[in-house]
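Read top to bottom, the protein sequences are chains A and B. Once you know that position 33 of the first sequence is 33 in my numbering, the rest is easy, because the numbers rise by one and skip nothing. Take any residue in the second sequence, note its place counting from 1, add 230, and you have its number in my numbering.
What the hints contain is simulated information worked out from the structure, not anything from laboratory work. Any given hint could be a false lead.
Stated by the list, open to error - Restraint-style ranges between C-beta atoms, simulated for each label pair:
#1 B:249 with A:50: 45 to 53 Å
#2 B:312 with A:146: 29 to 37 Å
#3 B:245 with A:55: 21 to 29 Å
#4 A:138 with B:419: 34 to 42 Å
#5 B:370 with A:211: 38 to 46 Å
Said to hold, decoys possible - DSSO-like mimics (lysine-lysine), calculated; alpha carbons at most 30 Å apart, straight line:
#6 B:248 with B:304
#7 B:260 with B:304
#8 A:52 with B:457
#9 B:248 with B:445
#10 A:162 with A:221
#11 B:364 with A:52
#12 B:457 with B:247
#13 A:221 with B:468
#14 B:297 with B:341
#15 A:222 with B:364
#16 B:468 with B:237
#17 B:304 with A:52
#18 B:260 with B:298
#19 B:260 with B:349
#20 B:468 with B:456
From a predicted model like this one, the values you see are computed outputs, not experimental measurements. Yeah, the Cβ is synthetic: ideal placement off N, Cα and C, and Gly gets one too.
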Amino acid sequence: MAHSGINVLFEGTNFTRLLLGMWTTFKIAAIAIVIGLIIGIILGILRTFHNKLLRFVLRIYLEFFRIVPTVVLLFLFYYILPRQLNLHMPGTQVAMLVFALWVAAEMSDIVRGALISVPIHQRESGLAIGLTRYQLYRYVLVPQAVSLELPATINLITRVIKTTSLLMLISVMDVVNIGQQIVEANNQKYPTGVFWIYGLIFLLYFLIDYPLSWWAGRLEKKRLEQANGE
Amino acid sequence: MANEVLKVEHLEKYYQKKHVLHDINFSISKGEVITLLGPSGSGKSTLIRCLNGLEDFRNGEITFENKKVVPSEKNWQQLRQKIGMVFQSYDLFPNLTVLDNIMLGPTKVQKRNVDEVKKEVDELLKKVDLLDYKDAYPRQLSGGQKQRIAIVRALALHPEFMLFDEVTASLDPEMVRGVLNIIQDLADQDDMTMIIVTHEMNFAQQIADRVLFLKDGSILEDTPGKKFFKDPTTDQAKEFLQSMDF
Ligand SMILES: Nc1ncnc2c1ncn2[C@@H]1O[C@H](COP(=O)(O)OP(=O)(O)O)[C@@H](O)[C@H]1O
Ligand SMILES: [Mg+2]
């Protein structure tokens, strides 16, 4: 009897290796997201200020990260910049940096959009009770913007997690890269192994991303219901 | 004048090219109530927004408690603790409870003791019959209730001077009285200095020590309340009162 394909998952340390790969992927995504969101919120707030030059520079930053495909960014930061700047960073750190800068750019747009959609009266009644600009943002505008922007933020996070599947291109030992290695090593013994390995990777990504996008959808629905109910 | 709270001299306001306030001059003394009347679009909102720095102005001078106001973000931020303002739209902060809406100014801006402020807010809420709604969110309140809270929120800062911009204009008719009563009490019991923009002519007549009548950005009359409603000087004011069925 031919070896049943599913056993490829449990051959040797294959399963642990795949899970460790997933952990690497998850870690990179998590760190990039946390740093990116913090920077993005600050940049988003700055983009609502009146300073034209500041707004222009931040706009360029956003467009750069939005227009250039993530693959190109990864290559740029991994292969090209180090040579020019003589600066060497392991793939995992390059990945975190690129993803964090990308999240920050996208987040700045989400935050800015949410802040400017808080009604002008909110700003004025905040000023009218003597709030300073900082207090106005801290207690009135940002909390209201957060509830507006939460679904978009969660969707951004799911996009980041999906896009981590590109990490093997810069030699990070992520789950896709490890899966690929296992497939190649077991090709003879398990001809259908490729199906099982990628099936498992699919499942792992699904288990992380699906609850997030379900949550985003629910929040958005609730928000619309509330807005209509007012 | 020793008891002068606010003086406005030669104030001019433009929105881009549009000249909306022309050479505004008046002053208000402690405890005085002015109603600012005039047709829609005459510049009433713009004028009182200039008085707490929500609008900048091109020329002219504002003197508050005998000190010339140097217009800067910092100075206005300080002054707004003494010059309360309530708007037409009942804009409580939807992310905060009623109590937190009211506490924000006293505790964060004025850094007063939280427990003391809480006690005082309870008293204020009792006065406007809304103590039971302390922990509610604004969306659970009716328009009239929100507007009463907005007034309490302004009063919690212990202002010297209050500005009201058509605070009953977007309320259902049955809510109007409750809000106006609070303002009336402020005049009667607290001797509050106030400028009130309103379309409620009966209320205006009852509360006004003085009327400023504004038309196309100019003050056409600055008259004692009694005289304005009985015998206005200008034809424009007569016409205006007629148009208000008065
Ligand atoms: N933000 C603005 N930009 C341009 N024009 C404005 C603005 N706000 C008010 N105006 C104009 O200024 C004039 C006075 O408006 P306003 O002060 O709101 O009058 P009122 O409160 O007496 O109805 C009106 O002609 C109005 O169209
Ligand atoms: Mg108005």
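Now the hints, each set against the structure:
Taken as a hint, the range 45 to 53 Å is violated for the pair residue 249 of chain B and residue 50 of chain A, whose Cβ atoms sit roughly 24 Å apart. Range check, residue 312 of chain B to residue 146 of chain A: Cβ separation about 32 Å, and the 29 to 37 Å hint holds. Judged by the Cβ atoms, the range 21 to 29 Å given for residue 245 of chain B and residue 55 of chain A holds: they are separated by roughly 23 Å. About 35 Å separates the C-beta atoms of residue 138 of chain A and residue 419 of chain B, a value consistent with the hinted range of 34 to 42 Å.
Evaluation of the 38 to 46 Å hint for residue 370 of chain B and residue 211 of chain A yields a failure: the beta carbon distance comes to about 31 Å. With a C-alpha separation of about 27 Å, the suggested pairing of residue 248 of chain B with residue 304 of chain B holds against the 30 Å cut-off. Among the hinted pairs, residue 260 of chain B with residue 304 of chain B is consistent with the structure: their alpha-carbon atoms are about 25 Å apart, no more than 30 Å. Distance hint between residue 52 of chain A and residue 457 of chain B is unfulfilled; the C-alpha atoms sit about 52 Å from each other, more than 30 Å.
For the hint pairing residue 248 of chain B with residue 445 of chain B, the CA-to-CA distance comes to about 15 Å; that is within 30 Å, so the pair holds. Taken as a hint, the residue 162 of chain A and residue 221 of chain A pair is honoured in the structure, with Cα atoms around 24 Å apart against an allowance of 30 Å. Between the alpha carbons of residue 364 of chain B and residue 52 of chain A the distance comes to roughly 42 Å, so the proposed pair goes past 30 Å and is violated. For the suggested pair residue 457 of chain B and residue 247 of chain B, the alpha carbons sit about 36 Å apart, so the restraint of at most 30 Å is broken.
For a cut-off of 30 Å, the pair hint linking residue 221 of chain A to residue 468 of chain B is broken: about 54 Å separates their Cα positions. Restraint check: the Cα-Cα separation between residue 297 of chain B and residue 341 of chain B comes to about 24 Å, which is no more than 30 Å; the hinted pair holds. Among the hinted pairs, residue 222 of chain A with residue 364 of chain B is consistent with the structure: their alpha-carbon atoms are about 25 Å apart, no more than 30 Å. Of the pairs offered as hints, the one joining residue 468 of chain B and residue 237 of chain B holds, with about 27 Å between alpha carbons and a cut-off of 30 Å not exceeded.
With a C-alpha separation of about 22 Å, the suggested pair residue 304 of chain B and residue 52 of chain A falls inside the 30 Å cut-off, and the hint holds. A C-alpha spacing of about 17 Å is found between residue 260 of chain B and residue 298 of chain B, which places the hinted pair at or below 30 Å, so the restraint holds. Distance check on the hinted pair: residue 260 of chain B and residue 349 of chain B sit about 27 Å apart at the alpha-carbon level, within 30 Å; holds. Using a Cα cut-off of 30 Å, the hinted pair residue 468 of chain B and residue 456 of chain B holds, with the two alpha carbons roughly 14 Å apart.
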